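Just so you know, the protein sequences line up as chains U and C, in that order.
Here this note's numbering is used: the first residue of the first sequence is 1, the next is one more, and so on.
Here this note's numbering is used: the first residue of the second sequence is 316, the next is one more, and so on.
Treat the hints as calculated values from the structure; they're not laboratory data.
Remember, predicted model here, so these are calculated numbers, not experimental data.
Treat the hints with care, as some may be off.
[To be verified] Simulated crosslink set (DSSO-like; lysine-lysine; CA at most 30 angstroms straight-line):
(1) C:K510 - C:K418
(2) C:K543 - U:K127
(3) C:K347 - C:K510
(4) U:K275 - C:K531
(5) U:K285 - C:K558
(6) U:K224 - C:K543
(7) C:K543 - U:K285
(8) U:K275 - C:K558
(9) U:K3 - C:K531
(10) C:K508 - C:K367
(11) U:K84 - C:K418
(12) C:K317 - C:K460
(13) U:K224 - C:K558
[To be verified] Taking CB as the label site, the calculated pair distances span:
(14) U:P290 - C:P336: 20 to 28 angstroms
(15) C:E423 - U:D286: 48 to 56 angstroms
(16) U:G210 - C:L339: 42 to 50 angstroms
(17) U:G189 - C:D549: 28 to 36 angstroms
Glycine included, every Cβ here is placed at the ideal spot set by N, Cα and C.
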Amino acid sequence: MSKILIVAEHLDGQLNSSTARCVTCAKQIGTQAIEVLVLAADPAGIAAQAARIDGVSKVLCVAHARNDHALAAVYAPQIAAVAKNGYSHVLAPSTTFGKDVLPRAAALLGVAQVSDISSVEGPHLFKRPVYAGSAVVTVEAPAGEILVGTVRPASYPAAGTAASAAPIQNIPLDIALPDHTRFVELVHGKNDRPDLQSARCVVSGGRGLGSDEDFALIYALADKLGAAVGASRAAVDAGYVPSELQVGQTGKIIAPELYIAIGVSGAIQHLAGIKDAGTIVVINKDSEAPIFEVADFGLVGDLFTLVPELIAAIG
Amino acid sequence: MKILVGYKRVIDSNARIQVRPDGLGVVTDGVKLSANPFDDIALEEALRLREKGVAGEVVVAAIGPTDAQAHIRNALAMGANRAIHIVTADAVQPLTAARTLLKLIEKEQPGIVLLGKQAIDDDCNQTGQMLAALWDRPQATSASKVEVNGSVARITREVDAGLETIEVDLPAVITADLRLNEPRFIKLPDIMKAKSKPIEAIAFDSLGVESGDHLKITHYAPPPTRNKGVIVNDVAELVSALKAKGLI
Numbered sequence: 001m002s003k004i005l006i007v008a009e010h011l012d013g014q015l016n017s018s019t020a021r022c023v024t025c026a027k028q029i030g031t032q033a034i035e036v037l038v039l040a041a042d043p044a045g046i047a048a049q050a051a052r053i054d055g056v057s058k059v060l061c062v063a064h065a066r067n068d069h070a071l072a073a074v075y076a077p078q079i080a081a082v083a084k085n086g087y088s089h090v091l092a093p094s095t096t097f098g099k100d101v102l103p104r105a106a107a108l109l110g111v112a113q114v115s116d117i118s119s120v121e122g123p124h125l126f127k128r129p130v131y132a133g134s135a136v137v138t139v140e141a142p143a144g145e146i147l148v149g150t151v152r153p154a155s156y157p158a159a160g161t162a163a164s165a166a167p168i169q170n171i172p173l174d175i176a177l178p179d180h181t182r183f184v185e186l187v188h189g190k191n192d193r194p195d196l197q198s199a200r201c202v203v204s205g206g207r208g209l210g211s212d213e214d215f216a217l218i219y220a221l222a223d224k225l226g227a228a229v230g231a232s233r234a235a236v237d238a239g240y241v242p243s244e245l246q247v248g249q250t251g252k253i254i255a256p257e258l259y260i261a262i263g264v265s266g267a268i269q270h271l272a273g274i275k276d277a278g279t280i281v282v283i284n285k286d287s288e289a290p291i292f293e294v295a296d297f298g299l300v301g302d303l304f305t306l307v308p309e310l311i312a313a314i315g
Numbered sequence: 316m317k318i319l320v321g322y323k324r325v326i327d328s329n330a331r332i333q334v335r336p337d338g339l340g341v342v343t344d345g346v347k348l349s350a351n352p353f354d355d356i357a358l359e360e361a362l363r364l365r366e367k368g369v370a371g372e373v374v375v376a377a378i379g380p381t382d383a384q385a386h387i388r389n390a391l392a393m394g395a396n397r398a399i400h401i402v403t404a405d406a407v408q409p410l411t412a413a414r415t416l417l418k419l420i421e422k423e424q425p426g427i428v429l430l431g432k433q434a435i436d437d438d439c440n441q442t443g444q445m446l447a448a449l450w451d452r453p454q455a456t457s458a459s460k461v462e463v464n465g466s467v468a469r470i471t472r473e474v475d476a477g478l479e480t481i482e483v484d485l486p487a488v489i490t491a492d493l494r495l496n497e498p499r500f501i502k503l504p505d506i507m508k509a510k511s512k513p514i515e516a517i518a519f520d521s522l523g524v525e526s527g528d529h530l531k532i533t534h535y536a537p538p539p540t541r542n543k544g545v546i547v548n549d550v551a552e553l554v555s556a557l558k559a560k561g562l563i
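Extracted from the complex, chain U is given alone in its bound form:
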């Protein structure tokens, strides 16, 4: 009997869309039940959102003040304890949340973890990228133990909305939680734009922008398109934009319908983050830049001339 547990990612009372992407992956594994675990100080609102994801059979909540922030040392023992209740698989998104929390739970369960699942080949057979996406491996996990895996959100569309809500069940916390790890603060960049990881369209800037003042061109184009803004590592390292905008192997892996890369050279680590985009547009003055290898539409020329032209042409 297979029964899948998905650990919900949430922030400020909002369920992250990566959770619904994990549900799509879970459906492909084939299962009798998909249950979502919400660990939070006040899980009711988040649980209500999770209960409306199509395919979810039940939502489990652990309400506890110590679950106020997603600390791996606090979450992992709770995940491991719940996982032992007959689950065949435990999944979380391979966002910075899942990457932090889930290996800790796997080790507590004494099992390996399959990171960054990009394709389901069987209940215990998966594909995942390695070497920054330069190779894809097929990984076989033992059938006799709980499969713990992180799901690459860019590989799966979010599951839709269910007609009726799944039942929500509060479960008691009967284990001791450590107090050796404490949340201090989370500093967000102020950003009213669409979320980078779920946006339909993303405009990214690279070192070619030359300064944080000139990066304003990227924001202007993004605003025109209703797009999210991303950046290459070089642009983040140069201080043009905050680190949470970085797209690539060590930043965010994204799959928008339209990706526009401007002044981005296209290091392999950046390409690893955009390979699943629907259409890739590249604007760069260097026609030899590696980013052109993945472009559906390339435009060679000076971005400071072309981007304002593009903004005007979109109308």
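Chain U is fixed; fit chain C onto it per the hints.
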């Protein structure tokens, strides 16, 4: 305080990765090997903490084949005091690596264990978290800033939403992200000095580590390629192409 640093050897980040025709791995013959870049950052942070007087000794631990010695010498040349080489011909998976490092922790009693957040070969991003779980100690992954104050460390982490700061009681596991620091270059006199620094070789089998290599990689394949695109001549052509696809 002692700091233990994990130091893995991987295919160099600038090497072009090619999948073997038999699908059993990637081509390694004649390919340059280097330290995992995130491990170099972890080591650099440990050295800076020693220079600030936070730590007294930096010990590097590597798990790898006999010929990884030259690689370990690089860590000593960078400034580590000594090294432990767990000798095994086979690559180990993260759970096994974590169990192995735990054995070294029991022996060395470090105040901080610094690892790279992930190795750039298998891209697993697991070992630090697994080690912290098995050790039953705090973890601070993807660190971009580390401040140690007595028995407490304050770490800023790069997370999807921004920069998160947490406080942990030591001992703890910290994993390094890209922007934690820029590793120093090795100078020639340091290479000479490193030759006299001790490397303790321990046979992996002698540690009695229960293998956590539960996963079997059955096949390597090149990534799917994207269809070849077109170069458009001007903005007007680009806009009409995107409009034709209903994208704008």
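Do the hints match the structure? See the list:
Annotation: proposed proximity of K510 of chain C to K418 of chain C holds, straight-line Cα distance about 26 angstroms (limit 30 angstroms). Using a Cα cut-off of 30 angstroms, the hinted pair K543 of chain C and K127 of chain U holds, with the two alpha carbons roughly 24 angstroms apart. Distance hint between K347 of chain C and K510 of chain C is fulfilled; the C-alpha atoms sit about 22 angstroms from each other, no more than 30 angstroms. At roughly 26 angstroms between alpha-carbon atoms, K275 of chain U and K531 of chain C fall within 30 angstroms of each other, so this suggested pair holds.
In summary, the hint linking K285 of chain U to K558 of chain C is supported, as the alpha carbons are separated by about 23 angstroms, within the 30 angstroms threshold. Using a Cα cut-off of 30 angstroms, the hinted pair K224 of chain U and K543 of chain C holds, with the two alpha carbons roughly 28 angstroms apart. Note on K543 of chain C and K285 of chain U: the hinted pairing holds, with a Cα-Cα distance of about 19 angstroms set against a maximum of 30 angstroms. Straight-line distance between C-alpha atoms of K275 of chain U and K558 of chain C comes to about 22 angstroms, which keeps the hinted pair within the 30 angstroms bound.
Under the criterion of a C-alpha separation no larger than 30 angstroms, the hint pairing K3 of chain U with K531 of chain C is consistent with the structure, at around 23 angstroms. A distance of roughly 21 angstroms separates the Cα atoms of K508 of chain C and K367 of chain C; the hinted pair therefore holds under the 30 angstroms criterion. For the proposed pair K84 of chain U and K418 of chain C, the alpha carbon gap of about 27 angstroms is at most 30 angstroms, so the pair holds. Annotation: proposed proximity of K317 of chain C to K460 of chain C holds, straight-line Cα distance about 19 angstroms (limit 30 angstroms).
The straight-line distance between the Cα atoms of K224 of chain U and K558 of chain C is roughly 14 angstroms, inside the 30 angstroms bound, and the hint therefore holds. Roughly 24 angstroms separates the CB atoms of P290 of chain U and P336 of chain C, a value that falls within the hinted 20 to 28 angstroms. Evaluation of the 48 to 56 angstroms hint for E423 of chain C and D286 of chain U yields a pass: the beta carbon distance comes to about 49 angstroms. Range check, G210 of chain U to L339 of chain C: Cβ separation about 46 angstroms, and the 42 to 50 angstroms hint holds.
At roughly 34 angstroms, the beta carbons of G189 of chain U and D549 of chain C sit within the given window of 28 to 36 angstroms.
Of the numbered hints given earlier, the model fails none.
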